[in-house]
Amino acid sequence: MDKLNNQILLNHLVEKFGDQIQNIGEPHGLLTIETSKDSIIEVLQYLKQDAYLKMNFLTDITAVHYPNQPKAFAVVYHVHAMVYNVRLRIKVFIDGENPSIPTATTVYNGANWMERETYDFFGIQFEGHPDLRRILNMDELDVFPMRREYPLEDPNRIDKKDFYFGR
Amino acid sequence: MSETITKISSNKPIYVDDDPQDELITLNIGPTHPATHGVFQNVVQMDGERIVSGVSTIGYIHRAFEKIAEHRPFYQITPLTDRLNYCSSPINNMGWHMTVEKLLNIEIPKRVQYMRVIVMELARIADHIICNGILGVDTGAFSGFLYVMQEREFIYEIYEEICGARLTTNIGRIGGFERDFNEVAFAKIEEFLKRFPPVLKEFEEMFTRNRIFIERTSGVAAVTPEEALSYSWSGPILRATGIDYDVRIVDPYCSYEEFDFEIPVGTNGDVYDRFMVRNEEMWQSLRIIEQALEKISKEPKGVFHADVPEFYLPPKEQVYTNMEALIFHFKIVMGEWDTPQSEVYHAVEGANGELGFYLIHDGGRTPYRLHFRRPSFINYQMFAPMSSGMLLSDAILNMSSLNVIAGELDA
Chain A
1 MDKLNNQILL
11 NHLVEKFGDQ
21 IQNIGEPHGL
31 LTIETSKDSI
41 IEVLQYLKQD
51 AYLKMNFLTD
61 ITAVHYPNQP
71 KAFAVVYHVH
81 AMVYNVRLRI
91 KVFIDGENPS
101 IPTATTVYNG
111 ANWMERETYD
121 FFGIQFEGHP
131 DLRRILNMDE
141 LDVFPMRREY
151 PLEDPNRIDK
161 KDFYFGR
Chain B
1 MSETITKISS
11 NKPIYVDDDP
21 QDELITLNIG
31 PTHPATHGVF
41 QNVVQMDGER
51 IVSGVSTIGY
61 IHRAFEKIAE
71 HRPFYQITPL
81 TDRLNYCSSP
91 INNMGWHMTV
101 EKLLNIEIPK
111 RVQYMRVIVM
121 ELARIADHII
131 CNGILGVDTG
141 AFSGFLYVMQ
151 EREFIYEIYE
161 EICGARLTTN
171 IGRIGGFERD
181 FNEVAFAKIE
191 EFLKRFPPVL
201 KEFEEMFTRN
211 RIFIERTSGV
221 AAVTPEEALS
231 YSWSGPILRA
241 TGIDYDVRIV
251 DPYCSYEEFD
261 FEIPVGTNGD
271 VYDRFMVRNE
281 EMWQSLRIIE
291 QALEKISKEP
301 KGVFHADVPE
311 FYLPPKEQVY
321 TNMEALIFHF
331 KIVMGEWDTP
341 QSEVYHAVEG
351 ANGELGFYLI
361 HDGGRTPYRL
371 HFRRPSFINY
381 QMFAPMSSGM
391 LLSDAILNMS
401 SLNVIAGELD
411 A
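Sequence lines, in order, name chains A and B.
The first sequence begins at 1 in this note's numbering and counts up one residue at a time.
The second sequence begins at 1 in this note's numbering and counts up one residue at a time.
Extracted from the complex, chain A is given alone in its bound form (with noise of 0.2 Å):
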């Protein structure tokens, strides 16, 4: 077998998955790839558990918050096969009402704190989670302070407005 690339991979998953896989590009070199709330725990267990892709690191999830959009939440999942340094981009994206999306702990453990996280922080219900509680903010919190609508200062203070700085 070759050494898997980036366009072996994209095979692979589009023989696998089909329409379910859109190609997103290859932004610095990082195969980025979209997929359907429905599909990305099989996407990720095919990942892990074929004897070939063998992507079985975990590097990251997160989520980033796009309100203007439909799907106001993309999910980002980042995996490695470490044994051909092949990395990939997964990015799901949800409804911006009540989202949620099936748990990754089913497939890595390691995922466990890092949906923790992003629940955390935007609120993405990860259904299925053993333990969804906030991990870094306090319990009491009422909000989700990575969301966009939420600022960092004060929200009347216009000395910063581009308006000032002739944009």
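Simulated from the structure, these hints should not be mistaken for laboratory data.
Please note that a few of the clues may not be correct.
[As the list claims (entries may be wrong)] Derived lysine-lysine pairs resembling DSS-like cross-links, with alpha carbons at most 30 Å apart:
1. B:K316 with A:K161
2. B:K67 with A:K71
3. B:K102 with B:K67
4. A:K161 with B:K67
5. B:K102 with A:K3
6. A:K54 with B:K102
7. A:K16 with A:K3
8. B:K67 with A:K37
9. A:K71 with A:K91
10. B:K301 with B:K102
11. B:K102 with A:K91
12. B:K102 with A:K71
13. B:K188 with B:K67
14. A:K91 with B:K67
15. A:K48 with A:K16
16. A:K48 with B:K102
Given the coordinates of chain A, work out where chain B should sit on it, guided by the hints.
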């Protein structure tokens, strides 16, 4: 009201049956327990000396860096990265600079890359000194810690010579360094290469064949490679289980591919192996620094940043006399740079493992989203599950050998 009472009464010791021998004790380790070496809490259920189960609570020094970063231009994010792993802040600084340079496609001159390698390897040594020294303290050997601490002090003096700061260094700028290493800095680095090996050797001799140390650490908290991988471990603790994953080798940055060094790996994944891996990494770092100094001497002198006037601040004296310099200065400070829309994941080998920066940029003045992949955070999640069944004193050693730095844990 009744709920509060049940809450309080549930803190009473739980009696499994009438036999007082079976009584479990709830013990709070932390948030400010001296043995945790940082601000985080573990509530453990103890059966005598053994831990039955534990719950980790973290977040005591959470400072919302990811949120702050969404409101700061790139160069103002560097001081935030200082405060992640504050035992080796130069690695974080360099990792961040390289992430931005990758986004902006800035080519860095070789000499600057070697200078960065020196700074990063010094930081790695400083971090491993702390971790291994503290591990010694926790096994009851205080003097080793004091011997090597002096050398960390010397590394801080080198930082001071390079950038003026000691702990939260803010070394370098996007595109290179803010100034060249001066003569004193080079002299001190060379002096460090001479004075550190005997100290490290002495430190090694105190521990590696020390029977008490071996019996306290060998076989403690042993982790299999499969477990370590499934918990996304990285860094020295992963290598201690026998997996030779090092970002410096697999994804070389800063010309690490030109250097001749080895990746030490362990076999058992226990506390002793982690100690040995860190120890050997310090020797390898010394080798790297030596090679970097040699490579620098072959490069043209005086180059300390890339030639990218649109991203790198012009020298101050020119700003006051030269119109172009003033324009560039103003544009950079006001964040009027022309930046591409893209996303970057860049990882460096931090002292604790893979330190990743995931940057999504929409072309504005600030990142749209910046996420830190913090090795301490990800490594630490296995601590509570792996502690059950362990002696309390072993769990403390385990915690020290994971080298959990509260700043990196909580971001």
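How the hints compare with the structure:
1. B:K316 with A:K161: Holds: K316 of chain B and K161 of chain A sit about 28 Å apart, inside 30 Å.
2. B:K67 with A:K71: Holds - the C-alpha atoms of K71 of chain A and K67 of chain B are around 21 Å apart, at most 30 Å.
3. B:K102 with B:K67: holds, 22 Å
4. A:K161 with B:K67: holds, 19 Å
5. B:K102 with A:K3: This hinted pair holds, its Cα atoms lying about 25 Å apart.
6. A:K54 with B:K102: Given that 30 Å is the threshold and the Cα spacing comes to 27 Å, the pair holds.
7. A:K16 with A:K3: Holds, at roughly 19 Å.
8. B:K67 with A:K37: With a Cα-Cα distance of about 26 Å, the restraint between K67 of chain B and K37 of chain A holds, given a limit of 30 Å.
9. A:K71 with A:K91: Status holds; Cα separation ~12 Å.
10. B:K301 with B:K102: holds, 25 Å
11. B:K102 with A:K91: holds, 21 Å
12. B:K102 with A:K71: Between K102 of chain B and K71 of chain A the Cα gap is close to 29 Å, so the pair holds against 30 Å.
13. B:K188 with B:K67: Distance ~39 Å between K188 of chain B and K67 of chain B Cα, so the pair is violated.
14. A:K91 with B:K67: OK: K91 of chain A and K67 of chain B at ~21 Å, within 30 Å.
15. A:K48 with A:K16: With a Cα-Cα distance of about 14 Å, the restraint between K48 of chain A and K16 of chain A holds, given a limit of 30 Å.
16. A:K48 with B:K102: holds, 29 Å
Of the numbered hints listed earlier, the single one contradicted by the structure is hint 13.
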